[in-house]
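Asker: Starting from the known structure of chain A, arrange chain B on it as the hints suggest.
Those protein sequences? They're chains A and B, same order as listed. Just so you know, we're using numbering that gives the first Met the number 0 here: the first sequence kicks off at 0 and counts up by one. Just so you know, we're using numbering that gives the first Met the number 0 here: the second sequence kicks off at 0 and counts up by one.
Derived from the structure by calculation, the hints contain no laboratory data. A hint or two may mislead.
Said to hold, decoys possible - Below, simulated EDC-like cross-link-like pairs (lysine to aspartate or glutamate); rule was C-alpha separation at most 20 Å, straight line:
hint, chain 1, residue 1, chain 2, residue 2
1, B, LYS190, A, ASP105
2, A, LYS15, A, GLU54
3, B, LYS415, A, ASP39
Said to hold, decoys possible - Derived list of chain A stretches under chain B, where covered just means 3 residues or more per stretch with a C-beta under 8 Å from a C-beta of chain B:
hint, region
4, 6-19
5, 22-30
6, 59-69
7, 85-92
8, 98-109
9, 114-126
Every residue gets a Cβ at the ideal spot worked out from N, C-alpha and C, and that includes glycine.
Here is how the chains run, residue by residue.
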Amino acid sequence: MYKIDLLNHTADIRLKVVADSEEELFEGSMTGMSSILKEDLCLKNKDLTLEVYIELGSMNKTILLIDFLSEVLTESYINHAIFCKLSIYELTDSFLKAKVFGLPIDRFDEEIKAVTYHEAEIQVNDSGHWQTNLIFDI
Amino acid sequence: MDKERLQKISEVLWQIPKDTRKDMRVPAWIFSKENMLEALLSDRSLDQLVNVATLQGIQKAAIVMPDAHEGYGFPIGGVAATSYSNGVISPGGIGYDINCGVRLLVTQLDYKDIEHHLEELSKELYRQVPSGLGQGGFLKLNTKQIDSVLKKGALWAVEKGYGDHSDLEHIESHGRLTGADPSCVSINAKKRGHDQLGTIGSGNHFAEIDRVEQVFDKGAAYAFGLRPDQIVVLIHTGSRGLGHQVATDYLKLMMKSMEKYAIKPPDRELACVPFRSEEGQKYFRAMKCAANYAWCNREIITWEVRKAMDNVFGDQAGHVSVLYDVAHNIAKLETHVIAGKEQKVIVHRKGATRAFGPGFEELPLAFRHIGQPVLIPGSMGTASYVLAGTEKSMEASFGSCCHGAGRRLSRRAAKKQVDAPGLIRQLKDQGTYVQAGSYRGVAEEAPIAYKDVDSVVETVHDAGLAKKVARLRPLAVVKG
Numbered sequence: 000m001y002k003i004d005l006l007n008h009t010a011d012i013r014l015k016v017v018a019d020s021e022e023e024l025f026e027g028s029m030t031g032m033s034s035i036l037k038e039d040l041c042l043k044n045k046d047l048t049l050e051v052y053i054e055l056g057s058m059n060k061t062i063l064l065i066d067f068l069s070e071v072l073t074e075s076y077i078n079h080a081i082f083c084k085l086s087i088y089e090l091t092d093s094f095l096k097a098k099v100f101g102l103p104i105d106r107f108d109e110e111i112k113a114v115t116y117h118e119a120e121i122q123v124n125d126s127g128h129w130q131t132n133l134i135f136d137i
Numbered sequence: 000m001d002k003e004r005l006q007k008i009s010e011v012l013w014q015i016p017k018d019t020r021k022d023m024r025v026p027a028w029i030f031s032k033e034n035m036l037e038a039l040l041s042d043r044s045l046d047q048l049v050n051v052a053t054l055q056g057i058q059k060a061a062i063v064m065p066d067a068h069e070g071y072g073f074p075i076g077g078v079a080a081t082s083y084s085n086g087v088i089s090p091g092g093i094g095y096d097i098n099c100g101v102r103l104l105v106t107q108l109d110y111k112d113i114e115h116h117l118e119e120l121s122k123e124l125y126r127q128v129p130s131g132l133g134q135g136g137f138l139k140l141n142t143k144q145i146d147s148v149l150k151k152g153a154l155w156a157v158e159k160g161y162g163d164h165s166d167l168e169h170i171e172s173h174g175r176l177t178g179a180d181p182s183c184v185s186i187n188a189k190k191r192g193h194d195q196l197g198t199i200g201s202g203n204h205f206a207e208i209d210r211v212e213q214v215f216d217k218g219a220a221y222a223f224g225l226r227p228d229q230i231v232v233l234i235h236t237g238s239r240g241l242g243h244q245v246a247t248d249y250l251k252l253m254m255k256s257m258e259k260y261a262i263k264p265p266d267r268e269l270a271c272v273p274f275r276s277e278e279g280q281k282y283f284r285a286m287k288c289a290a291n292y293a294w295c296n297r298e299i300i301t302w303e304v305r306k307a308m309d310n311v312f313g314d315q316a317g318h319v320s321v322l323y324d325v326a327h328n329i330a331k332l333e334t335h336v337i338a339g340k341e342q343k344v345i346v347h348r349k350g351a352t353r354a355f356g357p358g359f360e361e362l363p364l365a366f367r368h369i370g371q372p373v374l375i376p377g378s379m380g381t382a383s384y385v386l387a388g389t390e391k392s393m394e395a396s397f398g399s400c401c402h403g404a405g406r407r408l409s410r411r412a413a414k415k416q417v418d419a420p421g422l423i424r425q426l427k428d429q430g431t432y433v434q435a436g437s438y439r440g441v442a443e444e445a446p447i448a449y450k451d452v453d454s455v456v457e458t459v460h461d462a463g464l465a466k467k468v469a470r471l472r473p474l475a476v477v478k479g
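Looking at chain A on its own, in the form it has when it is part of the complex (with noise of 0.2 Å):
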């Protein structure tokens, strides 16, 4: 289970991910970007067609699921799709193995110009759950 909350930035879009797991935090993440793309877009569509495969190194988890996300926000430029389901083969702390699956779209709602490492801290909080802030450049 995730949890996405909207917070207020001046300009660009911040998001709040709160997740019981890592792997859910690195879902929720996607998904969360995937609705700003493409607004509840993930919740309606379940015929997920399209498949993409994603290797990634980093130097720590923050930066591993910007990176991550960057990545799939390319993939969805050049693919004219949204990723809304994420399925992970391998997670360490710098290192990332997984498959993305979503649909192709005629358009955007939104444009993201990029996924920011500013404020993105994955951290484990006083419940016990996964969280980080994530800021979009709109």
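Answerer: Chain B in isolation, oriented as in the chain A frame:
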């Protein structure tokens, strides 16, 4: 940031002293009138500015303009000049939309010639200039063609028949940064850019028909080719997905490389490497490619605007010429006088416009004696400005000025407060036609979401960073 930490230098300049935080290498300067400080103090803009003041090799001061607001790493509306010999280059100081910028076209038409054709013109403009997301342009380029665009910039469009040679002289850096190397740009960036030339995109980008509402400086306006009631066209967009991908790719590279150079910035988005390092030079060459793509994009949009004018007015439209084209997200290698000596610096302008004064050799002869045109887009329904760069800006802000009205409300707050269909009707009643891809985009970019552009411009005028030449009022706005 508390107001108590600011020192008042003048009615339009405030300082955060260098000793405010021990890692600051220079003070931070804020160009703002006192009544505009509240907005700057209400978000993290000034904390972010203090972080910028810690960059290796930063010279004189970290600076923000009166339109500044919180960004991510660097504040938007910021200027930072770093030393060529031992300073850094930071993609965050340029932004993800490399060479986001503004172009102003001047027509031979007056308001009376078009007042009864405004709705038709706005619809034709919307048809000819693709805007919004998922809207590719009419050009689909292969890798070889993209590489040529990245090297040649606006010249590529002119050579292909999408512009006039005379346009090039009226573009910052003549629409082409030399030293651009397409081999430094990733395949993904090129894929994203293959069908986006001639497109505006979304967010705060637009194409707009304006009327010259007021002329403040007759001599400068004459030299720029502006007169009261004249119809002009303002274009605001950048390097689209290609530029966003270049910035993303290199920020990632710099994050990995910083350790090698013992650089630890206070915010990851300030990731940077020495300018003269291999990574720094590679990024600079890739950034130049994206900047060239943006100039080519605005040149092709100009071709589309000319087509729309021809389709509506035929021969009566006359020639639509480029007054000027400026970048407001870019880094340039420039020479400035620092502590009495000429020094080479990398001037990062993130949401700031170059504003070089009279005599600058790159400028066309027609207005070289006036100074560089500085184009300040406002929000739809308010106003935009044409200013002229000054000698003082060279001393005070590395030849830089503000870039717009500056955002005040978050997109979320704007969407909550604005009834988009109602706003479109209200603007129409006031004589401004809006053609937009979505109500969401209209609400997010409503005038209420922005600071008062008049106050922003008054501040830079009073600070002597640029002088007011003309005020433009929007008549038709095309948005994504």
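Asker: All hints, please: hold or fail.
Answerer: Tested hints:
1. For the proposed pair LYS190(B) and ASP105(A), the alpha carbon gap of about 17 Å is at most 20 Å, so the pair holds.
2. Only pairs whose Cα atoms come within 20 Å are accepted, and LYS15(A) paired with GLU54(A) is rejected, the gap being roughly 25 Å.
3. The hinted pair formed by LYS415(B) and ASP39(A) meets the criterion: a straight-line CA distance of about 18 Å does not exceed 20 Å.
4. Beta-carbon proximity to chain B at under 8 Å applies to 6 residues in the region 6-19 of chain A; the threshold of 3 is reached and the given coverage holds.
5. Counting residues of the region 22-30 of chain A whose beta carbon lies closer than 8 Å to any beta carbon of chain B gives 0, which falls short of the minimum of three for the stated coverage.
6. Three residues within the 8 Å Cβ limit are the bar, and the region 59-69 of chain A against chain B gives 3, so the coverage statement holds.
7. Beta-carbon proximity to chain B at under 8 Å applies to 0 residues in the region 85-92 of chain A; the threshold of 3 is not reached and the given coverage is violated.
8. Remark: the region 98-109 of chain A is confirmed as covered by chain B, as 6 of its residues place a Cβ nearer than 8 Å to a Cβ of that chain, reaching the required three.
9. Check on the region 114-126 of chain A: 6 of its residues sit with their Cβ under 8 Å from a Cβ of chain B, so the three-residue criterion for coverage holds.
The earlier numbered hints that this structure contradicts are 2, 5, 7.
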